[in-house]
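*Asks:* Here the protein sequences come in this chain order: A and B.
Mapping to the working numbering: the first sequence position 110 is 110, numbers consecutive.
Mapping to the working numbering: the second sequence position 203 is 203, numbers consecutive.
Where hints are given, some of them may not hold.
What the hints assert, rightly or not - In silico DSS-like links for lysine-lysine, alpha-carbon gap of 25 Å or less:
1) 244/B / 244/A
2) 244/B / 321/A
3) 48/A / 299/A
Unchecked claim - A partial selection of chain A residues facing chain B, derived with a Cβ cut-off under 8 Å:
4) 32
5) 35
6) 39
7) 214
8) 229
9) 232
10) 234
11) 238
12) 312
13) 314
14) 317
15) 322
16) 326
17) 328
18) 347
Because the hints were derived from the structure by calculation, they are not lab data.
Only a predicted model underlies this, so the values are computations on that prediction, with no experimental measurement involved.
Even glycine gets a Cβ: it sits at the ideal position worked out from N, Cα and C.
2 protein chains.
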Amino acid sequence: VPITTIEWSGDASKPREGHVRLIDQTRLPVELVHIECRDTETLWEAIKVLRVRGAPALGVAGAMGVVLGLRGTKAATGEELVKETDEVAAYFATSRPTAVNLFWALDRMKAKAREFAAKADGGFDTGFDTEEALRELLAEALEVLKEDRETCRAMGRHGAELLPDEATVLTHCNAGALATADYGTALGVIYAAVEAGKKITAYCDETRPLLQGARLSAWELTQAGVPTTVICDNMAAVVLRQGKIDAVIVGSDRIAANGDVANKIGTYGLSVLAKEHGVPFYVVAPVSTFDLTLDSGDKIPIEERPPDEVAMPFGVRTAPKEAEVYNPAFDVTPAANVTAIVTEKGVLRPPLAESIKEQLG
Amino acid sequence: VPITTIEWSGDASKPREGHVRLIDQTRLPVELVHIECRDTETLWEAIKVLRVRGAPALGVAGAMGVVLGLRGTKAATGEELVKETDEVAAYFATSRPTAVNLFWALDRMKAKAREFAAKADGGFDTGFDTEEALRELLAEALEVLKEDRETCRAMGRHGAELLPDEATVLTHCNAGALATADYGTALGVIYAAVEAGKKITAYCDETRPLLQGARLSAWELTQAGVPTTVICDNMAAVVLRQGKIDAVIVGSDRIAANGDVANKIGTYGLSVLAKEHGVPFYVVAPVSTFDLTLDSGDKIPIEERPPDEVAMPFGVRTAPKEAEVYNPAFDVTPAANVTAIVTEKGVLRPPLAESIKEQLG
């Protein structure tokens, strides 16, 4: 999969000179355009309007965003560094509320700043080395990126074993290379299965309102040579009933301790339809997606997005002004509808609450 | 409901001078534009590209279309009249394949031509009166229109009794005034309930790919003062799970003898979701929608429409060219998922095969 969704552009030893480079996913599939984020506002806006999206990619973006926000720092003490890091992290935390990976990555950067501060303040002869602090923070962000790459490939290998040698997979939204650094969670399973010699074809729900399935998943799957068919979300029930689908595979933005799964709006309905037709429903997500502080999915905050995403697609009015619009960006699939969750550590089977506790608790 | 979807414009006694006037539904909700169909090609194209759509409205359009096609007739015998009528009817029968009401209305006009021909040819002194033939055919088409109006109101009354005094109804596609002459099937139930003093609010699935729910149902419901919320199709599962919906009400394009229901793509999935959440699923359709020659829904022909309806909404490419598109316009909901079918004759309850046989057989 020759797609690099997000990367740090520049020398790892010179954080002040580097920046974040990412694919502007709002322009796909029409054109492949990159944007160079040289300040936090540009990256924050890119996250907000979904130029970069997908839970793992948001983790990478958040980690790199912290470095971006510190490029001009004059912090002369550990305390100042921690304060500035916290401020930048708090800023990025306001961009999107549901994907826990973003908060996980921001927390990780905050912890790194504290670690450095403690180390520096504990020294006698050494003054506070701001440049070294920046280098360590960038190294941490690059480590988040590297781990994401490795994690995706591990999930792919575990997930690929769940698929028969010839399989048709239905997916929703984009949990692919474009949702991670470069390989994908749900679609990583397809890529890994193909690499393992399996014959895989894909159906993509277009995924209204923002059409990530049609625009992004179908784009990257066809780029990777996987035969792909796009359908409207409301056609999924029909292809399931026709017996065309061997597995439904989706990603996740947050998973509660009991195995309830938050993911793109439409996922819950799809899980009901998969169950009705006896088709396995797999969720593929890295360990960083689990939020064990929540015992159930009821407590996952669900982002509501602007009505015009529904009522004004491509600037054309489709619903009358007099009508209300309800536009939740995510929904929660109860653990009971999930056949298995694939993480980088392996395959979690029901009862999910116990499997999660055992593997991650 | 101050909406006249389709009408015959002109003096009923001068068929050669009249024409078909209809709302161009492809322009809604942005603007209310009428088109005047003075030849069969204009009306055929209007049916094909869904300027006029909805099973009952297609019946009216087909009946009037036959008169339109005979405006220039020089038929001098009953035989010639029958031949020309059959030709015009055959032409309109090629416009859309799924809605049986269209074929039902065309057959009715063909039968009327035969009836007139038999009567005329049976007379001794009377020559063949072409003008009288045209007047009788137009009268028949206007009768189809009048019956549609009465039928919708009768369905509305029967259906309204199924709703509690305060109810929120979820509907899919448009089975409203715009799908009939002027009152609607599924939405007619809402209008009748409101007229009966009930407090009704509505959710409309936007209904991809052509967005009839957002564009048409939400438009006519808000015009009628019904509080309306538009959602994407993939959000229906969430509002059902939230307990917001008291009933799902849809129309139909064809109903088989066993109670299987063909309707807009997405209806089947919605029926599964309604069942999962214990919400009643009502189908509202006139008797002319039943096709008792088919024992099950498997035999209903399903129209597949052009891929660009999915991949190029509003002329903007949303899916890559390399991807296939599957675009069935309808699906079939098995009788087992249907709580009741409302016709102008009353409410049909399961077992539907028996109720249908009893009421219509």
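*Asks:* List in ascending order the numbers of the hints, as given earlier, that are violated by the structure.
*Replies:* 1, 4, 5, 6, 12, 18
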